[in-house]
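Visitor: Whole structure, please, built from the sequences with the hints as guidance.
Numbering that gives the first Met the number 0 puts the first residue of the sequence shown at 0, with every later residue one more than the last.
Hint data in this document are derived by calculation from the structure and do not stem from the laboratory.
One or more hints might be untrue.
[What the hints assert, rightly or not] With beta-carbon atoms standing in for the labels, derived distance ranges:
hint, residue 1, residue 2, range
1, 8, 93, 29 to 37 Å
2, 118, 73, 23 to 31 Å
3, 109, 136, 25 to 33 Å
4, 88, 108, 37 to 45 Å
5, 23, 84, 23 to 31 Å
6, 56, 8, 24 to 32 Å
7, 143, 80, 50 to 58 Å
A virtual CB, placed ideally from N, CA and C, is assigned to each residue, including glycine.
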Amino acid sequence: MTTTQDYGPVELLTVGFTTEAPPAPVIDAILALAAEETVSLLDLIVVSRGEDGSVAVVELEEHDSDPLRELELALVGLVAEEDITVIAESLPPGSSALVAAVELSWARNLMSAIATADAVVLSQDRIPASVIAESAIALQKTLG
0 MTTTQDYGPV ELLTVGFTTE APPAPVIDAI LALAAEETVS LLDLIVVSRG
50 EDGSVAVVEL EEHDSDPLRE LELALVGLVA EEDITVIAES LPPGSSALVA
100 AVELSWARNL MSAIATADAV VLSQDRIPAS VIAESAIALQ KTLG
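Guide: Printed below as a string of structure tokens:
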């Protein structure tokens, strides 16, 4: 039976593309991510809008990319239909989005220890990589 201590925090990453399918380098990066032990890929969906405005939602096992079909996802269906609908409605014609639910597996033990100690996480924030990069550049300029 699954308990609240069985998982680390999960991030829902949505990446948009100006093409109707994710480019090969992104697919390769997803495959590399799935091979990592620091994270677990729980769910993966590709949403696309054709030039005619039609919307297609592709679950991992239906994806054209053979390597993606070979991935084993831990919680297929975790990405909610409501999220998929919102993403699909926001896509312009001829574009797509990849939606990945990624568990931060490295934090499982920490989350378990917190739960066992009857403690609670009061805040958990994620700072986008672009913000960190801009801050690092500004800090380097300041420090010389």
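Visitor: Honestly, which of those hints from before does the structure not fit?
Guide: Checked against the structure, no hint fails, so every one of them is satisfied.
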